[in-house]
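Visitor: Sequence:
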Amino acid sequence: MTASHHHRLDELPSGARAIVHRIERTDDALQRLMAMGLCAGREVEVVRQGNPLILRLLGARVGISGRVARHILVERRP
Numbered sequence: 000m001t002a003s004h005h006h007r008l009d010e011l012p013s014g015a016r017a018i019v020h021r022i023e024r025t026d027d028a029l030q031r032l033m034a035m036g037l038c039a040g041r042e043v044e045v046v047r048q049g050n051p052l053i054l055r056l057l058g059a060r061v062g063i064s065g066r067v068a069r070h071i072l073v074e075r076r077p
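For the sequence shown, numbering that gives the first Met the number 0 begins at 0 and goes up steadily by one.
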């Protein structure tokens, strides 16, 4: 079995799906996302890359800044 590779959320292309591996730091913006369900083990989809990055999380679309997305480590899904 190969080792999994983790990426920063801001590195994934539009349309990519991933599982959140770790959130590197928690400022106010990340705390709000965590309150909305963004946590380790959660599946997310990058709807649109950019600033803001549009993310599908639990069926809702959420816009997050590139600065915040840099602190979210994910494992890309096929």
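Be careful, since some hints might not be right.
[Claimed, not checked] Simulated restraints, written as ranges between beta carbons of each label pair:
#1 77 to 30: 29 to 35 Å
#2 77 to 25: 27 to 33 Å
#3 66 to 5: 15 to 21 Å
#4 65 to 16: 29 to 35 Å
#5 30 to 58: 17 to 23 Å
#6 74 to 53: 19 to 25 Å
#7 7 to 34: 26 to 32 Å
#8 46 to 25: 29 to 35 Å
#9 33 to 6: 25 to 31 Å
#10 53 to 18: 27 to 33 Å
#11 55 to 4: 29 to 35 Å
It is worth saying that the hints were derived from the structure and are not from the lab. None of these values were measured; they are calculated from a predicted model. Beta carbons: idealized from backbone N, C-alpha and C, even for Gly.
Visitor: Please write out, lowest number first, the hints stated earlier that are contradicted by the structure.
Guide: 4, 7, 8, 9, 10 and 11
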